[in-house]
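Protein chains in written order, with my numbering: chain A, 1 to 224; chain B, 1001 to 1144; chain C, 2001 to 2257; chain D, 3001 to 3206.
Simulated from the structure, these hints should not be mistaken for lab results. One should not assume that every hint holds.
[To be verified] Restraint-style ranges between C-beta atoms, simulated for each label pair:
| # | chain 1 | residue 1 | chain 2 | residue 2 | range |
| --- | --- | --- | --- | --- | --- |
| 1 | C | I2204 | A | I53 | 31 to 41 Å |
| 2 | A | I43 | D | T3161 | 40 to 50 Å |
| 3 | A | L15 | B | L1009 | 23 to 33 Å |
| 4 | B | E1118 | A | P47 | 42 to 52 Å |
| 5 | C | K2123 | B | T1073 | 24 to 34 Å |
| 6 | C | K2247 | D | E3025 | 13 to 23 Å |
| 7 | C | I2038 | D | A3027 | 53 to 63 Å |
| 8 | C | I2079 | D | Q3126 | 50 to 60 Å |
[Claimed, not checked] List of simulated lysine-lysine pairs, BS3-like, C-alpha gap at most 30 Å:
| # | chain 1 | residue 1 | chain 2 | residue 2 |
| --- | --- | --- | --- | --- |
| 9 | C | K2159 | D | K3138 |
| 10 | C | K2123 | A | K220 |
| 11 | D | K3150 | A | K220 |
| 12 | B | K1050 | B | K1062 |
| 13 | D | K3169 | A | K220 |
| 14 | D | K3165 | D | K3138 |
| 15 | A | K220 | D | K3165 |
| 16 | D | K3165 | D | K3091 |
| 17 | C | K2123 | B | K1077 |
| 18 | D | K3138 | D | K3169 |
| 19 | D | K3041 | A | K220 |
| 20 | B | K1062 | C | K2159 |
| 21 | B | K1108 | C | K2123 |
| 22 | A | K220 | C | K2094 |
| 23 | D | K3041 | C | K2246 |
From a predicted model like this one, the values you see are computed outputs, not experimental measurements. Every residue, glycine too, gets a C-beta built ideally from N, C-alpha and C.
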Amino acid sequence: MSLTHAFFAILRRDLILAVRRRSEIANPLLFFILVITLFPLGIGARPQLLQAIAPGIIWVSALLAAMLSLDSLFRSDFDDGSLEQILLSPHPVSILILGKIVAHWLVTGLPLLLIAPLLAVFLGMPQPAIGVLLLSLLLGTPVLSLIGAIGVALTVGLRRGGMILSLLVLPLYVPVLIFAGNAVEMASNGLPVTAQINILIAILLLSLVLAPWPTAAALKMSMN
Amino acid sequence: MKPIRRQRLILIILMIAGIGTAVGFALKSFNDNLMYFFSTTDVDNGKAPKDALFRLGGMVVKGTVERPGDGLTVRFKLTDFSKEVTVEYTGILPDLFREGQGIVANGKLDARGVFVAEEVLAKHDENYMPPEVKASLKQELKNQ
Amino acid sequence: MKFIPDPIGRFCHRMASPPHFYALSGKLLPWLTGIFLILLACGLYGGLYLAPPDYQQGDSYRIIYIHVPSAWMSLFIYIVMAITGAIGLIWRIKLAEIVAISSASVGASFTFIALVTGSLWGKPMWGTWWVWDARLTSELILLFLYLGVIGLYNAIDDKRTASKAVAILALVGVVNIPIIHYSVEWWNTLHQGPTVTKMDKPSIHVSMLIPLLLMAIAFKFYYVIAMLQRARLELLQRERTAAWVKKLVSEPSNSSS
Amino acid sequence: MMPPSPLLQVEGLSCIRDDRELFCELAFQLGAGQVLLLEGKNGSGKTSLLRILCGFREPDAGHIRWCGNPISDSQYYADMAYVGHLDGIKKELTVLENLNLALALGQHGQYAIPEALTRVQLAGYQQVLVQALSAGQKRRMSLARLLVTKNRLWILDEPFTSLDKQGIKLTETLMTEHCSRGGLIVLTSHHDLNLTDVDVQRIHLS
């Protein structure tokens, strides 16, 4: 199928670009690590306190790191006209854009997932909670990329879109933050988390299916 | 034209399938037993966690609120109408805390089996009525 | 458009034509204002004077006559915004776009009022100005959503593009609102006490309900008035090159009401 | 001479930008093998018109039809190609990677990639990163993109900028060939167009 071919071509292209640029991978990851190391410094290294707020710290940092990386999603393509060419493709634009979002998540979301166990140990999170933390990040960070894409698509044409972008995107991130943070917290207390995980799966599926449409529409709108 | 139409059909089917599965997962999570708080019976059965903070919910048993010592410490019993648990709390109680009212306390069990609350939460109920009506309602209840 | 019967389609089209809308709304505004004032007076008199005090909260519950209708309106207006936005997006009706964006700031003000009155209420009831109560938190997020819409609209220079952006954002928001609301409620029940006392549906005595409903209707009228006034301004600004606006400006005698 | 049956039809098109009417009630028809040259000063709305033709911008009034269908139809996008102010080329990718992507987004056209590169005098540049190319070479690469994908309507915004005399000549040859195969071209240009045996319509925007 040529549509799947186009999807993977876009995905591959963005991954190659990320590898050649490097900073795109490094920046959010570095930010994530720095913010999390700042917390013990800011509030004091009391193990119990840190342990209690660890889920919140990790998830809020992941959210901010994801937001920081959002701008790179369409910026360079918008600036050099590649985005115009993608929009002029006869294929459904939303699917092509989904390819870009997936690539963006692989580049900015997945590294967070890999470094998270280390940071969880820094904050003294109990062993069983780390597994749930990873699962929640695995389910939650793609949602951040998917929903964030709508916000970036709406603001990519603006010169000073940064502040507006966070205003648009952060309220929409609330459910992910609540359910994911809560799942990790419950797991730390040794309570069951199936309900939270189920909801995260539902949110992921919904945003996977629905988010590309408004993103594509918003990109077309940003083009004029 | 035909392959495009088929492609579109596949996409729509995928989309509906995605939404359907999402709804399925969401419904499943609603059916899961959500532990908002533990009941006093749970504590009595030993189902509540030891050495961990948890929330205990129940009604304040009438006539059990006492202030041992002259500090801010309050002791009262909570019930879910089958088992009772003693709760201790030091601090200022919310305005709406009163006997016979439902509350949720956040804290942990100590060695004596007393629930030491760090926080007591009471909420006003969502009934709005004039005092006379409330009084007559009470009257009716008594008459029954 | 083909699903809509022809006369109705034509009627809608005529209504949606800017000069017609401008003239009609100008004629309607005084009437709407009158009805609003009467309803407001009745509602306030009923709520603040006639209605008895609450058995538990005394007189401080009376703030619900502002708080509750504002909270209702905040959600209602967001939905209106999304619907009119969608209409503008699909059928390219300029008027729908204008109604959508004119609603945004009115909705934001109602959300703000609901928040402020909620926290004023919180002080005697909960002992603090702010409680992370589920409804207050949802309301706060709703305010952020409104601010996002307004900010986005102002950030985009080309107003037609901006209307499209706002419509897309409002639609995304309206899909998200139930999810956000549910998540906040869940989060709240985990962090705060759920209403354990509540064994039945919330109820309100009829003597308190009637003024509340009056206030709710009055607020709806206020919304329509404020929205129409904003929409008229916005319309004039957008259509400033059109012949009918130039004619209107050159004959100031019968222009504004 | 009978004009060929029109493929691209534009009726009553108008565009208002920042309170200024760039054009109104614009109408033209373009058939197979025809070229439309848009002329006019800077800011006269040439680029706006092209972007409306691409579907990026909505006209304030009027219709555009391709083969009788509105241009929101996906058939239109399968038949058209656009080279704008921005090249739409990623500078961190090689020439070959760029063209492969263009192919993945569209359908195979007249030329295979190596032939197309030879045609635009970029043979042997396959593995070169685009950032190493000069502005003129990049421009020629965008032409190669037109050659490798299947398309009928070319929309070109100032295709001659940053090209040398030879490059201009090459572009004109390619355009003539495209028209002789029944293709259509809409373009803006400050240069005078020098096409032989091609039916060129001109619209002057003011």
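The hints, checked one at a time:
1. A hinted range of 31 to 41 Å for the beta carbons of I2204(C) and I53(A) is consistent with their spacing of about 40 Å.
2. Between I43(A) and T3161(D) the CB atoms are about 58 Å apart, so this pair departs from the stated range of 40 to 50 Å.
3. For L15(A) and L1009(B), the Cβ-Cβ distance of about 30 Å falls inside the hinted range of 23 to 33 Å, so the restraint holds.
4. Judged by the Cβ atoms, the range 42 to 52 Å given for E1118(B) and P47(A) is violated: they are separated by roughly 18 Å.
5. Taking the beta carbon of each, K2123(C) and T1073(B) are about 26 Å apart, inside 24 to 34 Å as hinted.
6. The supplied range of 13 to 23 Å is met by K2247(C) and E3025(D), whose beta-carbon atoms lie about 21 Å from each other.
7. Look at I2038(C) against A3027(D): about 55 Å separates their beta carbons, and that is inside 53 to 63 Å.
8. Between I2079(C) and Q3126(D) the beta carbon distance is about 55 Å. The supplied range of 50 to 60 Å therefore holds.
9. Between the alpha carbons of K2159(C) and K3138(D) the distance comes to roughly 35 Å, so the proposed pair goes past 30 Å and is violated.
10. The hinted pair formed by K2123(C) and K220(A) fails the criterion: a straight-line CA distance of about 48 Å is larger than 30 Å.
11. With a CA separation close to 23 Å, the supplied pair K3150(D) and K220(A) stays within the 30 Å bound.
12. Between K1050(B) and K1062(B), the direct Cα distance comes to roughly 28 Å. Compliance with the 30 Å bound is thereby established for this hinted pair.
13. Annotation: proposed proximity of K3169(D) to K220(A) is violated, straight-line Cα distance about 34 Å (limit 30 Å).
14. Proximity of K3165(D) to K3138(D) is assessed by CA-CA distance (about 15 Å); at most 30 Å being required, the pair is judged to hold.
15. Among the hinted pairs, K220(A) with K3165(D) is inconsistent with the structure: their alpha-carbon atoms are about 36 Å apart, more than 30 Å.
16. About 25 Å separates the Cα atoms of K3165(D) and K3091(D), which keeps this hinted pair within 30 Å; it holds.
17. Distance check on the hinted pair: K2123(C) and K1077(B) sit about 28 Å apart at the alpha-carbon level, within 30 Å; holds.
18. Taking the CA atoms of K3138(D) and K3169(D), the gap is about 16 Å. The hint holds against a cut of 30 Å.
19. A distance of roughly 27 Å separates the Cα atoms of K3041(D) and K220(A); the hinted pair therefore holds under the 30 Å criterion.
20. Restraint check for K1062(B) and K2159(C): the C-alpha separation of about 64 Å exceeds 30 Å, so the hint is violated.
21. A hinted pair counts as satisfied when its Cα atoms are at most 30 Å apart, and K1108(B) with K2123(C) qualifies at roughly 29 Å.
22. Distance hint between K220(A) and K2094(C) is fulfilled; the C-alpha atoms sit about 19 Å from each other, no more than 30 Å.
23. For the hint pairing K3041(D) with K2246(C), the CA-to-CA distance comes to about 29 Å; that is within 30 Å, so the pair holds.
Consistency with the previously given hints fails for numbers 2, 4, 9, 10, 13, 15, 20, ordered from lowest to highest.
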